[in-house]
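Visitor: Let the hints inform the model, and build the full structure from the sequences given.
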Amino acid sequence: MKKYLIIMLASLSIYLVSNDQIIFAKDVEKIGYLVIERPHTLEKIKDFPKLPYRSGVGRPEGVILHSTGENDKTLEEWISYEEKTWENAFVHAFVDDRKAVEIADPNYLCWGAGKVANPRYVQVELVEFPDGTSKIKMMQSIEQYAHYIARVLKQFNIGKPTLADEINGIGTIITHNSVSKYLGGTTHTDPYNYLPKNGFSIKYVFSRINYYYYSI
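Using the working numbering, you'd call the opening residue of the sequence shown number 44 and step up by one each time.
Every clue listed holds true.
SDA-like cross-link-like pairs, simulated, lysine to any residue; straight-line CA separation at most 25 Å: (1) K240 - G212; (2) K203 - G99; (3) K93 - Y151; (4) K142 - G101; (5) K158 - E104; (6) K240 - T229; (7) K197 - G101; (8) K158 - T232; (9) K197 - Y257; (10) K127 - T232; (11) K246 - I259; (12) K203 - N220; (13) K127 - P173; (14) K93 - G228; (15) K93 - W129; (16) K246 - L226; (17) K197 - S244; (18) K158 - Y96; (19) K116 - G157; (20) K116 - P239; (21) K158 - G227; (22) K142 - K246; (23) K158 - L226; (24) K224 - E113; (25) K93 - T229; (26) K93 - G227.
Simulated restraints, written as ranges between beta carbons of each label pair: (27) P92 - E120: 19 to 29 Å; (28) K180 - R102: 29 to 39 Å; (29) D174 - N200: 33 to 43 Å; (30) E130 - K246: 30 to 40 Å; (31) P95 - A132: 12 to 22 Å.
Rather than coming from a laboratory, the hints here were simulated on the basis of the structure.
Don't be surprised by glycine CBs; every beta carbon is placed ideally from N, CA and C.
Guide: Take a look at the structure:
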């Protein structure tokens, strides 16, 4: 079983990402979770369709955790790509290690996870990094991801984080993989195809969402 610990020692920080991966960071200010007050960026790129959730405008029931599925684009390139292909699919926000960028108004549904899930959830994409990317950079992206998702839960009074992956698809946080498993209408497995292979469990991401939810 993987254990996640943070040990801070004066001028040197040790980050035990899992039981076999240790990160040393001399400049602790570069780690995202030490800058939790940094707001997400709002950059709406298109006047997307304004369709209400099944419970009404501004009433999402939770958040879907996505990852991009490919690691060959930057956040800006993903936004540009989605601007051109939104009629096929689009999400509410993209996140990397530097910022979270909201591209569609989360008061209205998007279509990124099939007809069952789309009318229920805000949907957020974590930009995948190429193999060999530093663990610190990946950690920063997870912190931005978790911080933005916690803000969404608070903004829409959705309620405290509960991980649907562990309770038969019922909860305020659900992965695209569990949408496929429990709700249907899609067959994607993200972010399980990305995070675990890089040493980060879904439980770890959820723990960071939980941390920010009770911190902001």
